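S.K.: Okay, here's what each chain looks like letter by letter:
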Amino acid sequence: MTNVRSYTFRHFSVYRGTAEYDGELVSYTVPVASGMVVLDALHWIQANVAPDLAVRWNCKAAKCGSCSAEVNGRPSLTCKTRLSDLPADQPIRVEPMRTFPLIKDLVTDVSWNYEVNRSIVPFSPSPDAPEEAWRWRQEDIERVQEYRKCIECFLCQDICHVLRNHETKTPFMGPRFLVRVAGLELHPMDRADRTKYLKNDGGIGYCNITKCCTEVCPEHIKITDNAIIPLKERVADTYYDPVQVLWRLVTRRPPAGGNGA
Amino acid sequence: MSDGEAFETYPHDVLVIGAGGAGLRAAIEAASAGVSVGLVCKSLLGKAHTVMAEGGVAAALANVAEADSWQIHFRDTMVGGKMLNNWRMAQLHAQEAPERVRELERWGAVFDRTRDGRILQRPFGGHTNPRLAHVGDRTGLEMIRTLQDRAVAAGISVYMECTMTRLLTDDGRVTGAFGYWRITGKPVVFPAKAVILATGGIGRAYQITSNSWEYSGDGHALAYGAGAELIDMEFVQFHPTGMVWPPGVRGLLVTEAVRGEGGILRNRDGDRFMWSYLPDDRRQEYAATDEEASRWVEAQSAGKTSDARRPPELSTRDNVSRAIYTEVREGRGSEHGGVFLDISYLPPDHVRRKLPSMYEQFKELADVDITTGPMEIGPTTHYMMGGVRVDAETEASTLPGLFAAGEVAGGMHGANRLGGNSLSDLLVFGQRAGAAAVAFAAENAKVREPDAARVKEATDELAAPFEEAAGEDPYRIHADLQATMQSLVGIFRTREDLEEAIDRLAGLRARWQRVRVSGSPAYNPGWNLTFELRSMLICSEAVARSALQRTESRGAHARVDFPEADADWARCNSTVTLDGEVMRVSAEPLPEMPAELRGLVEH
Numbered sequence: 001m002t003n004v005r006s007y008t009f010r011h012f013s014v015y016r017g018t019a020e021y022d023g024e025l026v027s028y029t030v031p032v033a034s035g036m037v038v039l040d041a042l043h044w045i046q047a048n049v050a051p052d053l054a055v056r057w058n059c060k061a062a063k064c065g066s067c068s069a070e071v072n073g074r075p076s077l078t079c080k081t082r083l084s085d086l087p088a089d090q091p092i093r094v095e096p097m098r099t100f101p102l103i104k105d106l107v108t109d110v111s112w113n114y115e116v117n118r119s120i121v122p123f124s125p126s127p128d129a130p131e132e133a134w135r136w137r138q139e140d141i142e143r144v145q146e147y148r149k150c151i152e153c154f155l156c157q158d159i160c161h162v163l164r165n166h167e168t169k170t171p172f173m174g175p176r177f178l179v180r181v182a183g184l185e186l187h188p189m190d191r192a193d194r195t196k197y198l199k200n201d202g203g204i205g206y207c208n209i210t211k212c213c214t215e216v217c218p219e220h221i222k223i224t225d226n227a228i229i230p231l232k233e234r235v236a237d238t239y240y241d242p243v244q245v246l247w248r249l250v251t252r253r254p255p256a257g258g259n260g261a
Numbered sequence: 262m263s264d265g266e267a268f269e270t271y272p273h274d275v276l277v278i279g280a281g282g283a284g285l286r287a288a289i290e291a292a293s294a295g296v297s298v299g300l301v302c303k304s305l306l307g308k309a310h311t312v313m314a315e316g317g318v319a320a321a322l323a324n325v326a327e328a329d330s331w332q333i334h335f336r337d338t339m340v341g342g343k344m345l346n347n348w349r350m351a352q353l354h355a356q357e358a359p360e361r362v363r364e365l366e367r368w369g370a371v372f373d374r375t376r377d378g379r380i381l382q383r384p385f386g387g388h389t390n391p392r393l394a395h396v397g398d399r400t401g402l403e404m405i406r407t408l409q410d411r412a413v414a415a416g417i418s419v420y421m422e423c424t425m426t427r428l429l430t431d432d433g434r435v436t437g438a439f440g441y442w443r444i445t446g447k448p449v450v451f452p453a454k455a456v457i458l459a460t461g462g463i464g465r466a467y468q469i470t471s472n473s474w475e476y477s478g479d480g481h482a483l484a485y486g487a488g489a490e491l492i493d494m495e496f497v498q499f500h501p502t503g504m505v506w507p508p509g510v511r512g513l514l515v516t517e518a519v520r521g522e523g524g525i526l527r528n529r530d531g532d533r534f535m536w537s538y539l540p541d542d543r544r545q546e547y548a549a550t551d552e553e554a555s556r557w558v559e560a561q562s563a564g565k566t567s568d569a570r571r572p573p574e575l576s577t578r579d580n581v582s583r584a585i586y587t588e589v590r591e592g593r594g595s596e597h598g599g600v601f602l603d604i605s606y607l608p609p610d611h612v613r614r615k616l617p618s619m620y621e622q623f624k625e626l627a628d629v630d631i632t633t634g635p636m637e638i639g640p641t642t643h644y645m646m647g648g649v650r651v652d653a654e655t656e657a658s659t660l661p662g663l664f665a666a667g668e669v670a671g672g673m674h675g676a677n678r679l680g681g682n683s684l685s686d687l688l689v690f691g692q693r694a695g696a697a698a699v700a701f702a703a704e705n706a707k708v709r710e711p712d713a714a715r716v717k718e719a720t721d722e723l724a725a726p727f728e729e730a731a732g733e734d735p736y737r738i739h740a741d742l743q744a745t746m747q748s749l750v751g752i753f754r755t756r757e758d759l760e761e762a763i764d765r766l767a768g769l770r771a772r773w774q775r776v777r778v779s780g781s782p783a784y785n786p787g788w789n790l791t792f793e794l795r796s797m798l799i800c801s802e803a804v805a806r807s808a809l810q811r812t813e814s815r816g817a818h819a820r821v822d823f824p825e826a827d828a829d830w831a832r833c834n835s836t837v838t839l840d841g842e843v844m845r846v847s848a849e850p851l852p853e854m855p856a857e858l859r860g861l862v863e864h
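Here the protein sequences come in this chain order: A and B. The numbers in my numbering rise by one with no breaks, and the one at position 71 of the first sequence is 71. The numbers in my numbering rise by one with no breaks, and the one at position 35 of the second sequence is 296.
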């Protein structure tokens, strides 16, 4: 048994700074071994050069979505970004997610996401559904399971130009929470209707389907095609379908749905 | 505070420390009684270790094997734990797990389905029947997200990125907890009528581990420091299948579901070595030939039952880990010091559907396509069977007002935990701890004021590492601790190694007294590590001393110098308590199992 470890060195430019002080990119040279990922390099820097370098991480297996950052400008999980996949002729640039307020170094304040999450009407099954209703075919729940693969890394929120460039005055919930709502709306047992919420509080209309979110999703959820577009269609059916609008005028009924609470 | 120094205070009826499955389930239960609940976690909500659980949650739903029952689940659990389990916990667990799983479904979890539309269950090591409800190989994510959404909807106050460094006690009772915000480094106090520990395990004390940084044994150390008793600390589970290559991913978990779906273990010579490691008294539960094992896999893949017995790879984790370790030590290992785990003989689509995250993990981190070739794997530190001694019904520790649930609690799993029994454990005992903490709080009308002197002491302790002039970096001490535990308190143990480990741990503790950090307390991982390091040092000493005391081999505890199980030790739990400044280790008789349950395990 042999443990072959051929070390080379890679240069890193890592953002160091806090909310109070403007930060800068600081250079570090890190010995790298085969198969190393960006998070390994950050841990090496912590243990050997800069013990106070702030980094969030947990599972180091792309399952928890904690270690999100921008690597060479691309929103990435640092635990699954291999050094060997990055250009060798330039320093590897590691910066915090730009959409969220900076706390320190690579750590940002993502608490806004938790507030949006709280505003969504939770899973609401009918309390008197018979036992047989809880039997579902695997084919019928696979789409819902796709939405539920989300690990809340917030990379989709980070890349979304609406959020990144603060393009709206009124709120836009962002791709992550459209995915969550899609998972609730398409759950076979859920009885709430979140259409009005999506249109008003959620600002679903702001999404113009550039699909950047889908491209950065480490779980390969087809966010735009499978979550956002079906929800947009629901909203359009409710609010913009001429037959429904006419019917509402005649009957003086408000659009169906409410906030579903 | 008396000297005017500022610290924030958040009083609650029930304080839960840790927001993995056990903590969330406890908080949900407590909140459902209408009391005020605080939930503190070291990371962001939803990132706790439960999220990494892959294979499934064990519950005798009998959806796949109609003959399954709580009695068989109980028997499997006791046999897997080498009869050292607290029998009452194992019984409650087996009886209540099905209801806890069905309840998760009612809360929005979407498990994989059987052909007739019910929750699908897969086989796992040591389980007689297919028993693990699952979602591909990301069951933990499904559970934590379901519980998280439920907790948020219940209006529970969640305090994220907050580390607890002390339990506050008064008059022999827990009155709250003290800690600091990781973002600012500022102290914070949570006065409470009852405190539930749900802090998980201790795996970061080892070099090769599947555990995240959070697993530093904080809850074990907090309980011990406040005077509660720990039990069975020698029983550390080494999961047989962690990644071994490349170096950066060494230790990362490879789910047991790979073997549950038919994965075969081979050494460098291509031998299916598990045939030679089945314990004689259990051999009749396993297939006798390759042919019988293949028939079992075929039936399993097609969702059918057959009369074939399960493959030898589905032996219990302690046994498979020792087998792999032995193969490697005797020169039959792979290039990087592991063995091979092969599922590539099954259709690629089937493998990708059943094991999607393993497929991704190997493809993206190791350039290995598990549908075309074998994985290289080896044992990794995974789970702590030992923990806070609790009452089976209420999860009350020996210290009034303090409860413990999930991995931080001891007793449920005995000498070895079966895969899948951890996710069910945290649901069953999280729920029970939540209810019992509410009852305790109701009998204690008022949240007590924190003792100002103790808070001052705890605050000073936070500042000390910045003031140390000539001390040592915490990362160095941590690396030396991990090396010590890995080499001297690992899968196989001897008296000489354990004594040397205890000596070295004393040296590490002395070095820790002079630990020095730089920078500011705001989001400072080096400073944060110093307090986690203290917890790890306490837990490591408890593991080493308990392992030295137990002069036999049982479950996950294998003594080279005492290779057999011993009839006297079979009747004893190890206990660990703080006596003044000294760690006291002793042995206590197991609770007596009633005759009708004894009948279940002896057949």
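Hints in this document: simulated from the structure, not taken from any laboratory. Some clues are possibly wrong.
Said to hold, decoys possible - Facing chain A, a subset of chain B residues (Cβ under 8 Å, in silico): (1) Leu305; (2) Val510; (3) Leu626; (4) Val629; (5) Asp734; (6) Arg775; (7) Val778.
Quick caveat, the model's predicted, so the values are computed rather than measured. By construction, the Cβ of each residue, glycine as well, lies at the ideal position given by its N, Cα and C atoms.
S.K.: Each of the hints needs a verdict: does it hold here or not?
M.R.: Status of each hint after checking the structure:
{"no.": "1", "hint": "Leu305", "in the structure": "holds (7 Å)"}
{"no.": "2", "hint": "Val510", "in the structure": "holds (7 Å)"}
{"no.": "3", "hint": "Leu626", "in the structure": "holds (7 Å)"}
{"no.": "4", "hint": "Val629", "in the structure": "violated (11 Å)"}
{"no.": "5", "hint": "Asp734", "in the structure": "holds (6 Å)"}
{"no.": "6", "hint": "Arg775", "in the structure": "violated (16 Å)"}
{"no.": "7", "hint": "Val778", "in the structure": "holds (7 Å)"}
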